[in-house]
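J.: Protein chains in written order, with the working numbering: chain A, 1 to 313; chain B, 314 to 966.
These are calculated hints, taken from the structure and not from any lab test. A hint or two may mislead.
[Claimed, not checked] Which residues of chain A face chain B? A few of them, derived with a C-beta cut under 8 Å, are:
1. L5
2. A63
3. D159
4. F185
[What the hints assert, rightly or not] If you want a taste of the chain A side facing chain B, the calculated C-beta under 10 Å gives, among others:
5. L78
6. V177
7. H220
Built from N, CA and C at the ideal position, the CB exists for glycine as well.
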Amino acid sequence: MQSVLAPAGTQSSSIYSLWSLMLLASVVVFTVTLLFVIAGLIRGVRRTRNEGSPSSERTLGRAVAAAIGATVTILIALLVASVWTGRRVASLHASSAVTIEVTGHQWWWEIAYDDAVPSRRVTTANEIHLPLGRPVVLKVTSRDVIHSFWAPNLLGKRDLIPGYTTAVWLQVDRPGVFRGQCAEFCGLQHAHMAFDIVAEPEADFERWLDGMRQPASEPHGAIEQRGRDLFMTNRCAGCHAVTGTAAHGQVAPDLTHVATRSAIGAGTLPNTREHMQAWIKDPQASKPGNQMPANPLSADDLQALLAYMEMLR
Amino acid sequence: MSERLELPHAAEDIALLERTWAEPRGFAGWFFHVDHKSIARRYLVTAFVYFLIGGVLAALMRLQLSRPDNALIGPDLYNQIFTTHGTTMMFLFAVPVMQALGIYFVPLMVGARSIAFPRLVAFSYWMFLFGGIFLYTSFLLNAGPDVGWFAYPPLSEALYAPSRRADVWAQLITFTEVASLATAISLITTVFKLRAPGMTLNRIPLFVWAQVVTSFMVLFAMPAVMLASTALILDRLVNTHFFDVEHAGDALLWQHLFWFFGHPEVYIIFIPGSGLVSMILTTFSRRRTFGYLAIVLSLVSTAFMGFGLWVHHMFATGLPQLGESFFTAASIIIAVPTGIQIFCWIATMWSGRIHVKAPMLWILGFFAIFICGGLTGVMLAAVPLNTQVHDTFFVVAHLHYVLIGGAVFPLFGAFYYWYPKITGRMLSERLGRWFFGLFFIGFNLTFFPMHVLGLHGMPRRIYTYPTVMGWGALNLAASIGALLMACGVLLFIVDAVSALYAGEIATANPWGAGTLEWATSSPPPGSNFPCPPTVGGREPLWENPPDQPVVIGLRTDVRDVLVTHVLDAEPDHRLEFPGPSIWPFLTAMATTVMFVWSIFTPWGVVYGSLPIFITMVGWFWPKSAEEGGTQPWPIHHRTLPQPGEAPAAGGAI
Numbered sequence: 001m002q003s004v005l006a007p008a009g010t011q012s013s014s015i016y017s018l019w020s021l022m023l024l025a026s027v028v029v030f031t032v033t034l035l036f037v038i039a040g041l042i043r044g045v046r047r048t049r050n051e052g053s054p055s056s057e058r059t060l061g062r063a064v065a066a067a068i069g070a071t072v073t074i075l076i077a078l079l080v081a082s083v084w085t086g087r088r089v090a091s092l093h094a095s096s097a098v099t100i101e102v103t104g105h106q107w108w109w110e111i112a113y114d115d116a117v118p119s120r121r122v123t124t125a126n127e128i129h130l131p132l133g134r135p136v137v138l139k140v141t142s143r144d145v146i147h148s149f150w151a152p153n154l155l156g157k158r159d160l161i162p163g164y165t166t167a168v169w170l171q172v173d174r175p176g177v178f179r180g181q182c183a184e185f186c187g188l189q190h191a192h193m194a195f196d197i198v199a200e201p202e203a204d205f206e207r208w209l210d211g212m213r214q215p216a217s218e219p220h221g222a223i224e225q226r227g228r229d230l231f232m233t234n235r236c237a238g239c240h241a242v243t244g245t246a247a248h249g250q251v252a253p254d255l256t257h258v259a260t261r262s263a264i265g266a267g268t269l270p271n272t273r274e275h276m277q278a279w280i281k282d283p284q285a286s287k288p289g290n291q292m293p294a295n296p297l298s299a300d301d302l303q304a305l306l307a308y309m310e311m312l313r
Numbered sequence: 314m315s316e317r318l319e320l321p322h323a324a325e326d327i328a329l330l331e332r333t334w335a336e337p338r339g340f341a342g343w344f345f346h347v348d349h350k351s352i353a354r355r356y357l358v359t360a361f362v363y364f365l366i367g368g369v370l371a372a373l374m375r376l377q378l379s380r381p382d383n384a385l386i387g388p389d390l391y392n393q394i395f396t397t398h399g400t401t402m403m404f405l406f407a408v409p410v411m412q413a414l415g416i417y418f419v420p421l422m423v424g425a426r427s428i429a430f431p432r433l434v435a436f437s438y439w440m441f442l443f444g445g446i447f448l449y450t451s452f453l454l455n456a457g458p459d460v461g462w463f464a465y466p467p468l469s470e471a472l473y474a475p476s477r478r479a480d481v482w483a484q485l486i487t488f489t490e491v492a493s494l495a496t497a498i499s500l501i502t503t504v505f506k507l508r509a510p511g512m513t514l515n516r517i518p519l520f521v522w523a524q525v526v527t528s529f530m531v532l533f534a535m536p537a538v539m540l541a542s543t544a545l546i547l548d549r550l551v552n553t554h555f556f557d558v559e560h561a562g563d564a565l566l567w568q569h570l571f572w573f574f575g576h577p578e579v580y581i582i583f584i585p586g587s588g589l590v591s592m593i594l595t596t597f598s599r600r601r602t603f604g605y606l607a608i609v610l611s612l613v614s615t616a617f618m619g620f621g622l623w624v625h626h627m628f629a630t631g632l633p634q635l636g637e638s639f640f641t642a643a644s645i646i647i648a649v650p651t652g653i654q655i656f657c658w659i660a661t662m663w664s665g666r667i668h669v670k671a672p673m674l675w676i677l678g679f680f681a682i683f684i685c686g687g688l689t690g691v692m693l694a695a696v697p698l699n700t701q702v703h704d705t706f707f708v709v710a711h712l713h714y715v716l717i718g719g720a721v722f723p724l725f726g727a728f729y730y731w732y733p734k735i736t737g738r739m740l741s742e743r744l745g746r747w748f749f750g751l752f753f754i755g756f757n758l759t760f761f762p763m764h765v766l767g768l769h770g771m772p773r774r775i776y777t778y779p780t781v782m783g784w785g786a787l788n789l790a791a792s793i794g795a796l797l798m799a800c801g802v803l804l805f806i807v808d809a810v811s812a813l814y815a816g817e818i819a820t821a822n823p824w825g826a827g828t829l830e831w832a833t834s835s836p837p838p839g840s841n842f843p844c845p846p847t848v849g850g851r852e853p854l855w856e857n858p859p860d861q862p863v864v865i866g867l868r869t870d871v872r873d874v875l876v877t878h879v880l881d882a883e884p885d886h887r888l889e890f891p892g893p894s895i896w897p898f899l900t901a902m903a904t905t906v907m908f909v910w911s912i913f914t915p916w917g918v919v920y921g922s923l924p925i926f927i928t929m930v931g932w933f934w935p936k937s938a939e940e941g942g943t944q945p946w947p948i949h950h951r952t953l954p955q956p957g958e959a960p961a962a963g964g965a966i
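Next up, chain A with everything else stripped away, as it sits in the complex (with noise of 0.2 Å):
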């Protein structure tokens, strides 16, 4: 589900070529060496007197400089494997290269594709959609603290770090949705500050991405309607954005479509209407410490704004 060891991106490929080697290397040098300690042990153990010649203390000089010889031959082979990797790993191949920006807050995601049409970009949360087999380059950096984007099934971390932007590529091989978390502590919900990389054909990623370029729908029915008026007269507008209305909040994710995503809370919680129902409520019972106030809401309006998020797709 999130692991090093199930690779489905160029990148995290190399890297699990790397480890399957350093292993390897790992398991012999410490099966070797501790079974040389044991038998000096066994030896030490039956010697009955000293034998201290000098020919003796040759040989065991001998052998000490061989195994010498010996882990600095297995550290450089080493070296050249990491650095060889490290190359591969690192080095960017930009033509058609989809470029999203990452940004990190406390405690959640800023995802936004960029676009030489400005009413072409497209900003989401906690969710990225990535087309399979083409490079892919995230520019990162974060808004507060440090935060580390980690989705180790596809590439390795990379520090969010206010003040400076960094970029790091990757390609992914094989459909599949991907979670990844926070690597770096960022504070109270470091544990709770996950998201999800969904890994679709060229041409499903590009209806996705379509689609969340629309403003968000009109409200249909009398409820959705009630349901975003209380949107914008309660503080929600404040802090969240909804395109197309004139909610332009910058602090907390942006919910144009937030019913398409699989997750609320930066992988808090499943998005089902009950957990929506619950967040909206009290956020704090299940992230504490998380920005989002609690919202006494009559149970009239609640359904009311539930189903307004719900036709945000």
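For this one, chain A is given, so just place chain B on it according to the hints.
T.: Coordinates of chain B only, in the frame set by chain A:
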């Protein structure tokens, strides 16, 4: 020894000598002690108490993580717990406990009557004690630090950590760094200037070498973290902008400064551990350590290299690849000197006559665990692999294999090895085996699964995890392992306390060891050696000829010590050392008030410095000549036998 006691007036001289070196008794007298053994015993007990508290915090974390979605401990408390656990184990246990062993045994092992600057060492202890009390008082007041033992800004900056918790962390660093710098200076001076005649550089015991190397690392590494933590306090207290991104500060600057200290810190903990391995292994192998010179050079080169690989803690920050490769190479190559040491130890065992007693068990356990930790260290040096397992439970496993394997296993071995010397009583061999067994199995059950958890994506420092992640079973196993370790430690405490009263009486040299701490009674008298020894070989008790001379001509009515030359330990001059004093305690009190005050207002630094100044004046108030003001005494070479000469006949001690 018996021959000397037959000298005329020798018995009276020894009695006078013991009165001269005795420490004041009673409750009030307790605050005056400057004897290195007394200070070191307190240091050891205090550090061990901090270790137990840190262990309780670890147990709480294991309890919280033992099952998914556990609501036992909330994030606010959990963050305080893991920060305080890490801070305690690094700053209040691992470094101080090793220094404490140095304070006790370095003077004994070099054949000196005292540690250099005994009052400074007493001051160091009080700072260490007060630092720990400060941290845990804050913790109990719900002001325990909660920004990680590394306190990365901006999370530790006032904007994101507005309470006093981060200040407590930063100021605790100042406490412990002052303490360890003071001890480091004393240890270096002791080894350079107070060695027994004949203890040339190539005869210094390996544990003492390890302490010297470590002390030099302390001198160069600790200022980096003091600079960093002071800058952090300034950012928080008076709005400087060292690490404040909004005002052209730099968040990465902290990481460079912190890890420039933080990586050497690992070796500051491991190198004394390796010194312990050399000592214990040699004693129980009944032969000189194989490859003495190679081991000493390994220690020194590890210390140098240890300062050149801090960036491997920052591989995920996105540094240029060429620069990273350099640090990968450095991090991999540092395995070579450690490998050299391990091969020399194996060669020592290979050609020795081994007695497997409780201390030796811990050394054997050390091999299994430390080698495993070293190998995962090589993995972490590789940038691509590092970016996958960095900040996951894989690293938690690695660091505990290295630090518990490399330092705590040898340390427990040293407890069993040196307990008779310190207390005059033996620990139980049977309970020792049980302790080792429980701890060894518990340790592996706790930490080995964490490698797997890390590879399966479990990051560090999370207070809970969802059931669907599938991390529950291995976490439960780890928690059960922690319980076994706790049982082992409990057995040790029972053993250590009951042996104080009921343990078998220890002889001067119960293990048949070769170094000088075994050349005096168990426990040693206040003056350490009624007649300070001279040294004719690397393992003096094994290699000294029966007519090896001793040092005579030191005064018995004042605390007179023999100062020798750095390289060849030729006698240089005699020096009178200071006696018991209240001033180290008072100075430490005043410093504590200033440190704590200054986290609330910058004026605390200004006004808080006045009492420190006053106590320093008291400390350094010169003595008149009648009171025996400190003067180097000229030495009369006739009364100081040179190594290799026959013992001087007759004369006072």
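J.: Run every hint past the structure and note whether it holds.
T.: Hints and how they fare:
1. Among the interface hints, the one on L5 of chain A holds; its C-beta lies about 6 Å from the nearest C-beta in chain B, closer than the 8 Å criterion.
2. Because the closest C-beta pair between A63 of chain A and chain B is about 7 Å apart, less than 8 Å, the hint holds.
3. Hint status for D159 of chain A relative to chain B: holds, with the closest Cβ pair at about 5 Å, below 8 Å.
4. At a threshold of 8 Å, the smallest CB-CB gap from F185 of chain A to chain B is about 4 Å, leaving the interface hint in force.
5. Below 10 Å, beta-carbon pairs count as interface contacts, and L78 of chain A has one with chain B at about 6 Å; its hint therefore holds.
6. Using the Cβ-Cβ criterion of 10 Å, the hint placing V177 of chain A at the interface with chain B is not satisfied: the shortest such distance is roughly 12 Å.
7. Taking 10 Å as the C-beta cut-off, the interface hint given for H220 of chain A is violated, the closest approach to chain B being about 35 Å.
Of the numbered hints given earlier, the model fails hints 6 and 7; all others are met.
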